[in-house]
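Engineer: Following the hints, position chain B against chain A.
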Amino acid sequence: MTSLLILIPLFSVMVLNLPSRTMMRRFAFWLSLTLAASQVCLAAFFGTGLWSSPLDIYGSFFRFNLAVDNLSRIMLLSVGIVVLTAILVGRETIKDENQHFNFTNLMLLVLAGMNGVVTTVDVFSLYVFMEITAVASFVLIALQKERDALEASFKYIVFSALASVMMLSAIALLLMTSGGTGFAGISQSLKSLPANPLTLLAMGLFVCGLFIKGGAMPFHGWLPDAYSAAPAPVSILLAGIVTKTLGIYTLIRIAGFVLGPNYALNSILLLIGALSIVAGALAALGQKDFKRMLAYSSISQVGYIVIGLGCGTPLGIFGAVFHLFNHSVFKSLLFANSAAVESQTGTRNMERLGGLAERMPRTGATSIIGFLSAAGIPPLAGFWSKTIIVVALWQAGFRAYSSVAVMAGAITLAYFLSMQHRVFFGKIKEELKSVKEANFNLLLPALFLAAITVGVGILFPFVHDTFITSFFR
Amino acid sequence: MDNVLLLFLIVPLAAGILALLVPGKARGPKELIILAATFLNLLIAAVFFKTGLTYSFPWVPGIGLEFSLRLYHFSAFIILAAAAFAFLIALYSIVSLAEKPYAKQFFAYFLITLGFVNGAVLADNLLLLLFFWEGQLITLFLMISVGNKAAFKTATKALIIVGITDLCLMVGIALTGHLAGTLTISKINLPLDALGGMAFVFLMIGAISKAGSMPFHSWIPDAAVDAPLPFMAFLPASLEKLIGIYLLARISLDMFQLHPASWISTMMMIIGAVTILLAVMMALVQTDYKRLLSYHAISQVGYMVLGIGTAVPIGIVGGLFHMINHAMYKSCLFLTGGAVEKQAGTTSLDKLGGLARKMPITFACFIVAAAAISGAPPFNGFFSKELVYDGALERGFIFYLAAVAGSFLTAASFLKLGHAAYLGKIREENRNVKEAPLLMLIPMVVIALGCIVFGVYNKLPLQALIQPILGPERLAGHSFAGWPAKAALVIATFVVLAAAFLNHRFGVRKNGSGLKASDHIHYAPILRGIYDRAEKRFFDPYDIGLKAVNMLSEIAWQCDRAVDWIYDTLVVRVTYACTHQIKKAHNGNYATYLVWSLVGFLLVVVFLLQSVKM
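If you read the protein sequences in the order shown, they are chains A and B.
My numbering puts the first sequence at residues 1 to 473.
My numbering puts the second sequence at residues 1 to 614.
Chain A with its partners taken away, still in its complex shape (with noise of 0.2 Å):
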């Protein structure tokens, strides 16, 4: 029945797009949103058992490869939460009718690419539902057609570009290692076989390549334009889930259960988190346009997620997967908010904002839980991830890399303080004295978002019970 959750997004692209489409019109926005709110509502409530479920005379016609654990269950979470959002912004935001139909239309394509990238367990499939996702990824940041926009998504696609050779040509070389292309065959040939130059290579080749697709220091070029020029809701969606699940997630799966455990591959992705924490929070420190510092503070608690895994001990890469999640949450969060601000004072130039709390009250306040959670701040969401990294980086040795998660916390807090206090406190400048709240359609989401991140923050003793546990088991 997982196969489900690929096909009818799929399917449902093919059937607003007949002849009929001017009808379809009204009707795709409606579709998307049913079919991204059930799925948050399928992962959130359904243990695994109900993915395994199999459906018997369509079975045969479609064999997929597809499996759902308990880390894929947290990724579908996650893609709901976060495409849920999106197309919620999006039909504020984008205004153009057509426009917005291609915008739906690729919506389920990425829900689409990216439901399949969390269940494949083929290394080969896994590729194939990554340039699905990336190649929608690339038309929604040139949506809109602007300048940026396209220079942004040409980078983007150089930067994909390199990162598929990278990864077609560790394909090849570990099917030559090793036979075969499902990960429960790679991790096993990998295990019985002494390691050699050809897998090591292999390995090299693949990480990079997700290196470059999750915007790790120093493989984050492409990044901070794609996020900033894109419109706000392909911001979301990118920051959000996009280079989450093409990058991270597959890292986390790649890395931490199909080649790994590897001592040597542990220390890069220590090395890379450290670097990617400090730097993007360095970097993040002296933009101004508000989007801009929220794409490099995207690298910097990618590092985050990155570290963790390189500690490679189980509660380091829970820690990991827990931050990802946060992570969806609040930074989607605090893109909604940043399109809240954007649509409603047509600037993203911080030095231009200011004391807007007293005019958006409700944005600033679910920014204050953003960006709280963002740096680590108890009782939110994020503290309990960012120290379940820190104690797993302590517990395996790491004391030094512990001290640095530790101390960018410092440097988080301060550019998000820094943000706060030039967009929404303050005093408010004369020409934003006309400035409204944000309507409905935006504020929805990112009281929902900051819902999720109070509520599992202050509910972590449950949050631990039945997703900890679990995964551990």
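Don't read these hints as lab results, they were simulated from the structure.
There is no bait here: all hints are sound.
Incomplete in silico selection of chain B near chain A, CB under 7 Å: (1) 578; (2) 590; (3) 593; (4) 596; (5) 600; (6) 604; (7) 605.
All values reported here derive from a predicted model rather than from experimental measurement.
Beta carbons are placed, not taken as given, at the ideal position from N, Cα and C, and that holds for glycine.
Structural biologist: Chain B in isolation, oriented as in the chain A frame:
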């Protein structure tokens, strides 16, 4: 029956609280309360004087705190003396503070202090003693602070100095309790070994600072100017001397085995001698009636500490006798000062003069008390000083010399004071000054008569009050009453007094007036520099301490600034420098970014490959 001892606490404390409650504006109630309470206190002190009573119940058994009171000959003597002074000074303050707005508060604190003093004297448990001792600290602060505008600062000074020494007392009590295994004073008898000596020194600091000895004295001259006058007569002049020296005598005679050979005895004598000389030197150059007296209040403590410190019976008897004598003549002197202040409106000596004819009774009291403090026969001071001289001479000539030099300067400064205030030409603005009111005169006269009686008939205080304190085995059959035994010492005293008189004549002739009679000493070559610095408070331990504390805070502040600078400036600058470099590296050219990625990739692969070869 034994619980009558509680009356000594209940009467003054309850009256004090009552005085706080009555309306302050009206004349009558508060005056009635303070008179009735002090009189009742005096009455019960007199009635129970000869009885030996103990009363005790466990208060906080866990920490060995027993509420035990003990009235025996020594504490009864102090209680009686304190009660007498309290009554007389209360009588005096009713008139002297009549128009002051703070009179009600002062009376209340006065009574509460009296209650605490009674408690401290009666206490037979060190912790209980500490409780009452610390209680006086609070009322001390309050009594000073109701004075003039600068009084609050002086009160703070007193609070800090006495607070620190009380802390020493606390340490001493803890140490003593640890060594003796009990806190009951009458059961403690410790040898003066290393730890015992330490405990003794801590207790002694608490005791002599209460009495006002150097170097814990420096709040007294300030309080003399700032605090209400009866305060000076009540606490620094009489009650504080009584209980300070009482405690010193208790620890020296009962609680520890003080021998003449021990280093502690020598140390006490040095403290006494230094206090006598330095304080009297300062007294000599004062130009304010009250301030001059206050330095004598310090100087005379030196004789008591010196006397008890000799650890020979004659010295101890002298010290204790001097304690009661000093309380008498010094409170009398302060009362004359208060009378002058009330009638002439000032105590500054350069605005006084020729008051003898206007205030003859006050002047007569002054003459008696001044002669007593200078050690002139046949007044009480003469006899107690002779005993102290004798004891000091027994221990070392140098101590005797210091004591005699102190007497010389004391006499000189009182000749100056009397000359400047009462003799000479009367100033124009003082023409209409009248004799002080009767209620103020009564206490002065009574005390002055006491000075004469204790001198002429010194058998009474010595045999009835003081010698029993030492006990028969220490005295070994001696009695120190009557005319001093050693004629040589008496002759020396006469010579010194005559010299002081001649010195005064010389000073008056040289410098032109009674006020300037000591200027030839004040402005002598080396002394001049020392005096200048002393007047600027270079030697005030409190000010030195303040400076040290300020220096420490300055250093701490600089450290704080440095730490602040690291966080506020250094970290921020370094962070922004890094940020700037990273921003510069992101030039928007994706060729650069691709190179980063490729270099990263190469490094990753190389690292992975070399990890296997090793």
